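Colleague: Here the protein sequences come in this chain order: A and B.
FYI, the numbering for the first sequence is 50 to 736, going by my numbering.
FYI, the numbering for the second sequence is 16 to 203, going by my numbering.
Since the hints were derived computationally from the structure, they do not count as laboratory data.
Just so you know, not all the hints are guaranteed correct.
Claimed, not checked - Only some residues are given here: those of chain A computed to face chain B with a beta carbon under 7 Å:
1. E413
2. Y565
3. E568
4. Q652
5. T714
6. F725
Bear in mind the structure is a predicted one, so any value in this text is a computation, not a measurement.
The C-beta atom is built at its ideal place from N, Cα and C for all residues, glycine as well.
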Amino acid sequence: MKSAGCDSESLRNIDMQPVWHEGPGDFEEILKGEVLKNEGSEEMAPESEMKGLIMDFMDNGLTRRNFLSGLSGLGVSSIAANALADEFTPFVTRAGDPEPADLPHWVKPMTGTGGELLVAQLKAAGVEFIFLNASSGEAPVLDALIDEPSIQIIKAVQEGSLLAMADAYARATGKTPFVMIARPGLPNAMSMMFNAWRDYTPMVVMVDDVSIGSLGQDAFEEMDHMTSMTQTMTKWHWSVRTTEGIPETTRRAFKFASTRPSRPVFIAIPADLLANTATAAVISQDHFTISARIGPDPDAVARAAALLAGAENPMILAGDEVGYCQAEAALLSFAEKYGIPVVKSNYVAWSKPFPTRHPLYLGEYQSTDRFLGKVDVLLNLGSRMPLTRGRGFQMEAQVQLIQVRLDPDNLARVYPTEVAIVADIKRTIEALDEEIDGLIPSGRRSRVAKQRTGRVSEFSAKRRAVLDSIIKKHWADSPLSAERLMSEMDAMLHEDTIIVGDNDTFMAAVDDYFRYGPEAKGFFANAGFALGWGAPAAFGIKLANPDRPVVALISDGSFLFSGPQPLWSYARYRAPITLVLLNNLSYNNERNRIMSRRGRSFQTGRDLACYLGDPDVDYAMVAKGFGVDGEMVASAADVRPALERSLQATADGRSYLLDVRVGRTGSVATSTWHPFYDIASLRTRKV
Amino acid sequence: MYPASLLSIALVLFCVHPASLLAAEQELSDEGAMLLHTACTQCHGLRPIETVRNGRPGWTQTVDKMVVYGIHLDVEEIETLIDYLVLQYGPGGGSPMSMGSLPPGAVGEYSGSANGGEILLPEGEGQALVQAYCSLCHDTSRIAATPRTTDSWKQYTADMLGKGGFEVSQDQQQLIVEYLSSHFGSEH
């Protein structure tokens, strides 16, 4: 309720008469000092006490709760008390608040709706894009964005896709994206929040909650304890309590999300708080940003360096934290200087932190390396452990493990570790280098490095020759082999293309048959392995890198998980992306794993769950329905012309989808059998 | 590739062969076993290998896929391993595993024991071909276990004969498909 002619001065000078209310009181009458008797009582509230309460609330930092409590104690009804509090709130001056002229330039007091305060704080956090699929409760935010051209809205029509877009954008830029969705969309979003959590991706996800007064009433679209629904996949989750608290909570959310090890954060803002007006400080996020470039413990470095210096057969396991710490160049230099081979695991890593055609790169980690002999010291730089492939779970008994991680939770979680270091990867590599340098005479170091490098290079060259021979063997396969497709793509795509991978069956081929590295192709995937990430993620990567070609390599299974919804955003925002759908009508590796148990499924040759044909989806047609051109690639001979058309399309600023039919491989691969169930035949009338 | 006539000859030769062949086989066996037990068990045990049968094309496809996945083998070792796998787990190496009871919807009945591996194939043109080729790698109950469409039997036949490395004429292949479709067929 707003009173005509009401301002802070007049409110402070009001000559209050004691007031009691019989029901929903008239605020105007209160101001005029009309006395209303509370039914059944003849007592009057002292005027001085009333005025004192108001002064304390407006000038002396009395909280709203205590103000309401004080009014209640004076006999004022709850409804009247809340109305008074709402009326006075815009004029509240925090005790000790400096005058505007005394504030540093990065602090800006502001009065506005909760939506306006939120947008202002997002701008102060450097947010350029809001990833949203908003609900009506977020209307005050949309209203605020009307007049804020510096923030671009990126809309998706399914919350999981939206989150994957934001996730990929974060991986590509290192920035913390802001995602705004409707509260019933939260479960959808959590399908991809899982990947962001697993891969330490920062983001702030916000929903509009039910209004404060309705919380806990089983209100429309309400979920009890909604914030704790995200508990297992967020670093912090919070529900905002006041409109003026919105900027502070937002700053805190960004701080938690971005501080390494970074991870998603969830906040809920009741819809009425977004609509209400308040005054609060909007502060530059820079003053809440924590540098986590922590240096390693010198004693631990000394122990690790001694192990590495004395190792006969050391190896480096390189993980995604190498990229987080921008340590790629340091890793390369370190590996070359000491002649230490580098491996990684496709199934726990989403990036390629070491150039994959380098002579020291050996590919997938093997627990027993046949050519180099038994590894005696393994240096894990930033990789999650355990590794997920078979015997990779087990460390060979002789391996002395050194682990350097940003995440202390995963560090030394499973394997006995000789030296465990929580620190920035780049700083640790530099410290190790300096320490080892002091332990080994340079002549000996060079000699050993040369010997090791020669041995490893000889093997990696042989391995490359084997991989090339496999392409030749399967060059003319029908259906098309993945090896042929990828080698054709590697030859035809621009050198600096970014590949976005989201599939299970073909990840190894994607690793082997493209050239990755700082002067070659880029790569993004996710190690959460909740499929359905790739199509929307390609959008996020392109948003972050408009000047680099982006090609998504996703399986038909992955595309069916995300659905075609990401294509809506491709078309809406004119995002030139090539989407290559590796279509073998199957969850191929899933089927292989099921059959490898050699249970009844294998014995009978019955694939209950993995065959995806019937219907055989025409993905090019689906794409056209969403405004994205595309075609089916049915044979090896069609690959090059189709790729040329896709390159032309993206050069013209359009997306293009290639539905590439590739072969199924492995156990019971040929089978198209699936359990047949015909609902139409159950009918007793034709409806 | 394995024409049926040559298989018969190989069987005869197997019974009477010179010491040099035995020695070569032993060397292959030793080296192949070493490769199997080191390279092939990096990510999984031996059961997925021991419980299938393949000819050279089939094992080549499998080993190539594993190399792409990351196992460390050079070109010569790949060929040695494939040779070993064909020797140990090739056609004619016996049925790798018994299916147990026929599942619901299967066609045919077991001969002999209730849960044996063989069913009596129905008489008809193509029966002998199916008996001769298909049972080199698995028992006949596997054929009966899951009725399939004609298209599916066509793909299956081509795939099995191809992986097995069998030389079969187009006419014979067609006859096999027709036999399987008519006796173990399904509309879906």
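Colleague: Are the hints correct? Go through all of them and say.
Modeller: Consistency of the hints with the structure:
1. Checking E413 of chain A against chain B: minimum C-beta separation of about 3 Å stays under 7 Å; hint holds.
2. Taking 7 Å as the C-beta cut-off, the interface hint given for Y565 of chain A is violated, the closest approach to chain B being about 16 Å.
3. Given the 7 Å rule on beta carbons, the hint for E568 of chain A is violated: about 24 Å separates it from the nearest Cβ of chain B.
4. At about 4 Å, the closest approach between the beta carbon of Q652 of chain A and any beta carbon in chain B falls short of 7 Å, and the interface hint on this residue holds.
5. With a cut of 7 Å, the hint placing T714 of chain A at the interface with chain B holds, because the nearest CB-to-CB distance is about 6 Å.
6. Checking F725 of chain A against chain B by beta carbon gives a least distance of about 4 Å; that is within 7 Å, so the hint holds.
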